[in-house]
Every structure is written in C-alpha cells, then in structure tokens.
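A.B. asks: Assemble chain S onto chain G, guided by the hints.
If you want the building blocks of each chain, they are given just below.
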Amino acid sequence: MIEIRGIAKSFDGLNVVRDASFVARDGEITGLIGPNGAGKTTLFRLIGTVLRPDRGATLIDGIDSQRDQLAARHRLGVLPDVRGLYPRLTAREHIRYFGELHAIPRAELDARITELTVALRMEDFIDRRTHGFSRGQQMKVALARALVHRPHNIMLDEPTNGLDVTTSRAVRDLLRGLRDEGRCILLTSHIMQEVTVLADRIVVLAGGTIVMEGTPAELRRVTGLADLEEIFLAATSGHEPSEAAWAAGD
Amino acid sequence: MRAIISVFRKEMRDHLRDKRSIIVAMIYPLMGPLLLGLMFFFVGGSMRVNEDAPLIVPVMNPQNAPDIVHYLQQHGAILRNVRGNPQTIVAGGWVPFALILPATPEIDPEKPLPVQLLTNPSRFDSIVATGRVVELLNTYQRETVRARLQQAGLSPNLTDVLQIDQQNIGRAAGPSVILLTMIPPFLIFTLFTGGVHVTLDSTSGERERGSFEPLMMNPVTRAQVLTGKIGASMVFTLMALGVQIFAFWIMLHIVPRESLGLNEPLSALRLGAVASICLPIVVLAAALQLLISAATRSMKEAQTYLGLLPLVPGLAGMVLALAPVQAQPLLAAIPTFGQTLLMGQMVRAEAVNWLLVGITAAATLITTGLLLALGFRLYEREGILFPQG
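Sequence lines, in order, name chains G and S. Read in order, the letters of the first sequence correspond to residues 1 to 250 in the working numbering. Read in order, the letters of the second sequence correspond to residues 1 to 389 in the working numbering.
Think of the hints as simulated: they come from the structure by calculation, not from any bench. Yeah, the Cβ is synthetic: ideal placement off N, Cα and C, and Gly gets one too. Be careful, since some hints might not be right.
Stated by the list, open to error - Examples of chain S residues toward chain G, derived with CB under 10 Å: (1) G210; (2) F212; (3) V225; (4) L309.
Unchecked claim - Computed footprint of chain S on chain G, listed as stretches where at least three residues anywhere in the stretch have a Cβ under 8 Å from a Cβ of chain S: (5) 48–59; (6) 81–88; (7) 94–103.
Unchecked claim - Here are a few chain S residues that sit away from chain G, every Cβ distance over 10 Å (derived from the structure): (8) G131; (9) V220; (10) L269.
Isolated chain G (complex conformation) (with noise of 0.2 Å):
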C-alpha cells in the first residue's frame, strides 16, 4: 500500500506539489491523472524516493520512505516514462543487473528473469542489445526489470505510451494480473480511456494538489457527470500549471 499523507515539495520558490494525500490500496489499480505540469511527475519521483518532500511523508507498506529509503524501495518496483534503457546491454542483462542490486542471489535471478522472459514474451530479443530496440520491446525491458524483485507496490508512469494496440493491452492484461495477485499498482496516464479501463480508484491532480478522488463510479455520483473525460475536464478547469517551469513533459 503506498499512502501519500500531506507531502509538498517546491523548486526555486515554486509550489509543484502542495498538500497532496492520497492512499493507493493493495489489490486495486490507481490511476493518477492530471493535465500537464500538475506535478504527476514530481508525486512520481516524490513516491520512488528520488525526491525528498519538502513536508508531509510517503508510507511504502508503512515504511516511511524518509527514514529508511533502502527498505521502501525494496517494496517498490519503478517504470518510468523515460525507460533508460543500456544501449550495449541485452535485455536479460538489464534485468540481471537491477536483480542484482535488490541482491536477488543467482539462481533465483535467473529463474526469475525465465519467468518474465515468457510473461512478457521477450524470448526473440531477450539476448539482444538494447539498441534499436521498437518502444514495445523497450518498455517490456523496462517493466521486467521492475518487476524482477516482486515488488508488492508497483508505480507505471505512462506504461502504455506509444505502444501499438496489441502490446497496449497485453500490459493492460498484465497489470490486472498482478492486482488480482493483491498487489498495489498506481500508473499516470494521459490517456483517458486507458485510466477508465484499468483504473478502480482515479486520483486527479491538478495545480499540485489533488482536486478528486474515487472509484469511477463515486466520481460519477459527485459530479453528476457520465463521462470520465467530462469529469476530468470539470475537476481540472481553472488550475494553472504548477510543475511546467520546473520539468517538461507531464
């Protein structure tokens, strides 16, 4: 379970994230969503612990990732929206090396990296080089090396963004899977129709702050509105930009 509580961070006087609190539960898919520059980026490297907030704190599993960072890392598996892939490593490489350093020991790691090679159908270019890599095949590098340590909380920053229709919804299928295992999943997405489909809990962000939150259905009652796309544009209008001067793209 990841449970944001009050957290706030800004840069250069800037306010990207204010007063933010939210819980993302075991067992269900969270879709946090938000116009550009709402600062989704930010609560994203806020979570994954490469960000210190400037108030409030973030609970992995009940860890509070300030005080032990190493301990609330090993309970979170990360696929962010820049891959950063090894141009000269193979896929079963990259998936060995962040093993490696959650010091998965050796025959475990292998067998586990068996394992995702056909979970995610990796077995064409899982001793390929990285370089040239399609988007597809560089997400799935990207997400099995998330996923090597069995992570109970999984955070996915725009997991199916420029992937084809099939690929699209075998991570979709694959997500699912690993809620139903219980575990927590909290993806961004821009895409709309993405969040509806997958998402059992909609936290939207907006100005740093979260304006809306609820099973689609509870957001539906609220605002009165049938439409998820109606809805978001209801619960964002009228928020600036909190995070556009400080990162691009999100």
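C.D. replies: Chain S only, in chain G's frame:
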C-alpha cells in the same frame, strides 16, 4: 559491497563493448610512444655523433690557409668548395655550415688567422657537424700552439691551465636523451584520458539518457553507485597506463641505442617503477572527472572541461622536461607535478628520494579524498538524477 560490485561489473561490461572507451584506453596511449619513437629515429638519429662517418667541410678560399686545409684532410675531413653566397647556402640548409678562410693568403704567423664559421643551429644535423669541425679546429689550434712553444724552448703545457676530465655517469650518451623526459608528461596525459569516457558516460551520460533515475530507485545509495562507476573508470585508466608503459618499453627496444642516446636502455622494472609512482593519480583523475561531471549541466559541457583537464598537468610536465627543477618537499606535494618531477628523475637515472615519493603519494591521496567527498556531496543533489531541460 555487493551493490558496488554489481555496478562495477555492469559498467565494465557496458564499456568493454563501447568502441570509444576502448579506443581511448587502448589506442590513444600508443600515440605517445609512437610519436616519441619517431622523434628518436629522426631527431635522435640526426643528433647522433657518428665518428665513422666522413666529415664534409664546405669551405671558401682553401688556397689561402693550406696548413688548416692539410690538417683537416689529415684527420679525415673531405673539403668541398662553396660556390655562391655562403650565407644563403647555410641559411637555406644546403650545407650544415661553411668554413670561410681568409680572402688573402696567410702572411704573418704572429697574427691570428681570421676564420669564419657560418652555422645554422636551427637544424640538428648542423649542430652535430659544426661540433665536429669546431673540435678539429680547436685541436689544430692547441697543437699549433704547443709546436710553437716547443720551438721557442718552452714547455708545451705552458698554456694549459686546466686538465678537464669529463665523465658521463648518467644514462645519457647523447643529447637526444632529453626526449626521454617527455615520457612522464605522456603518462600523466594518459592517466587523465584513459578512463575519462567511462566516467563521463556513466555519470553525465547516464543522467542524459534518463537511466540514472530508475537506477536510483533501487535499494542502493548514491555513494555505492558512484564507487562502482569510479572503480570501472580506474580499471580503464590502468589499462591505458599498462598499454602505454608496454608500448614505451617496446619503443625503447626497437629504436637503436645510438639514436636513443642511452648508455643502457630503461629496464621494464624501472618503467614499472615510473608507472607505480603515478598510481595515486589514477584515483585523482577519476575524482576530478566525477567532480566535473557533477558540476556541469550536460555531457557536452563536461566533455569540454574534461578535454582541457589533462592539459594542465601535461603542460607542466612538458615545461619540466625542458627546464628540470630540483625536487623539493613543497613541490613534491603538488599532485601530478610531484609525480612528474619524480618520474623525470627516474627516467634520467638520478637518485630518487623515497621520502619525496611518500609525500607526493600522500598529498595526492589526501587531495583525492577531498575531491571525492565534494563530488559525492554534489551527487546528493536532487536535480542531478534528471536530464537538464
């Protein structure tokens, strides 16, 4: 420790597959020995004094000083008449020098004979040939004076004030040995370039590719990651150093000893000792590279500064090669400068003060420790993980 080893192994695997890292570590270090070898062949060869080669003496007005001409010929010199303007001919490098004898025949034996020697010291062959003819003319003068003193009933040694016994106890048998003192600057240059691409690519490059962020979401500290990366960079620097030392050793054995100007060649052991003196610089270079990559916003910017970095200690070494300075504790305590001084002493076969070796190593390691601490601190900044937009 396990995390450090994992990062180290990943960087080694990654960069052993990288052409640029391999070229910088394995090919660039060959340039110094190759360049120096060519200099020894061409410069050292022309500076070599070959007593067996006939001395060609371009001369004007030989008919006016038959005694000198006879003496020179008696001592193996072959005289060639200079035609045209001797200044133009010597300055143009057509002849290494020109001996201008008096325009009128010698008449008064009590007056010194005006002899002019036109030389061109900008050419190495001119320096050597001029040296030989000057030595012959001086000997002629000395012998003539002795003969005249004897004729006057005086001791032939009357004009000898000193009896100079010059012995060469150094490694050098010729002036070209000065080129050997360029070995330390080449080594220093290699120490600052050997692992530079590895450091740059695994720090600034990693940030620019966006792979630093996912890496740091693993349960590892930044210090562990950086230590693994620096370790890989140092291995590449050591590889470059090893390649260069081996290439220098081969060069010193291929180039003829007369061209080297050495009484005995530098042994592999001595070359190894020279290399071991600069080992602390391996860590220093990695620390400086890390610091620059941390202080710059992009790989391009870091590349600019890192390209200039080796020039600072390298140029100091070049100056030392041409104007050697006596090693003192204060100078030895300057990182890279101290090593250059001591390595220079070693290649010139001078006695090395081991206390100074210790001071140099300690000063370099302390400086390195401070730079590493600063570099690690800079890498704790939040923004350093993300590409700068």
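A.B. asks: Have a go at the F212 of chain S hint: is there a Cβ in chain G nearer than 10 Å to its own Cβ?
C.D. replies: 7 Å, holds
A.B. asks: Given that the region 48–59 of chain G was listed as covered by chain S, double-check it with a C-beta distance under 8 Å for 3 or more residues.
C.D. replies: holds (count 5)
A.B. asks: Quick check for students: does the CB of L269 of chain S sit more than 10 Å from each CB in chain G?
C.D. replies: Non-interface label stands for L269 of chain S: nearest chain G Cβ at 38 Å, farther than 10 Å.
A.B. asks: If you take the shortest Cβ to Cβ gap from G210 of chain S to chain G, is it below 10 Å?
C.D. replies: Where the cut-off is 10 Å and the nearest Cβ of chain G is about 3 Å from G210 of chain S, the hint holds.
A.B. asks: At 10 Å, judged by beta carbons, does V220 of chain S keep clear of chain G as stated?
C.D. replies: Not fine: 5 Å to the nearest Cβ puts V220 of chain S too close to chain G.
A.B. asks: Would the non-interface assignment of G131 of chain S survive a Cβ cutoff of 10 Å against chain G?
C.D. replies: 58 Å, holds
A.B. asks: Tell me whether the statement that chain S covers the region 81–88 of chain G is true, taking a Cβ distance below 8 Å and needing three residues at minimum.
C.D. replies: holds (count 6)
A.B. asks: Given L309 of chain S was flagged as interface, is its beta-carbon under 10 Å from a beta-carbon of chain G?
C.D. replies: At 25 Å from the nearest chain G Cβ, L309 of chain S fails the 10 Å test, so the hint is violated.
A.B. asks: Should the hint that V225 of chain S touches chain G count as held when the rule is a Cβ pair under 10 Å?
C.D. replies: 9 Å, holds
A.B. asks: Against chain S, does the region 94–103 of chain G show at least 3 residues with beta-carbon separation below 8 Å?
C.D. replies: Check passed, 6 qualifying residues.
Of the hints listed earlier, those the structure fails to meet are numbers 4, 9, in rising order.
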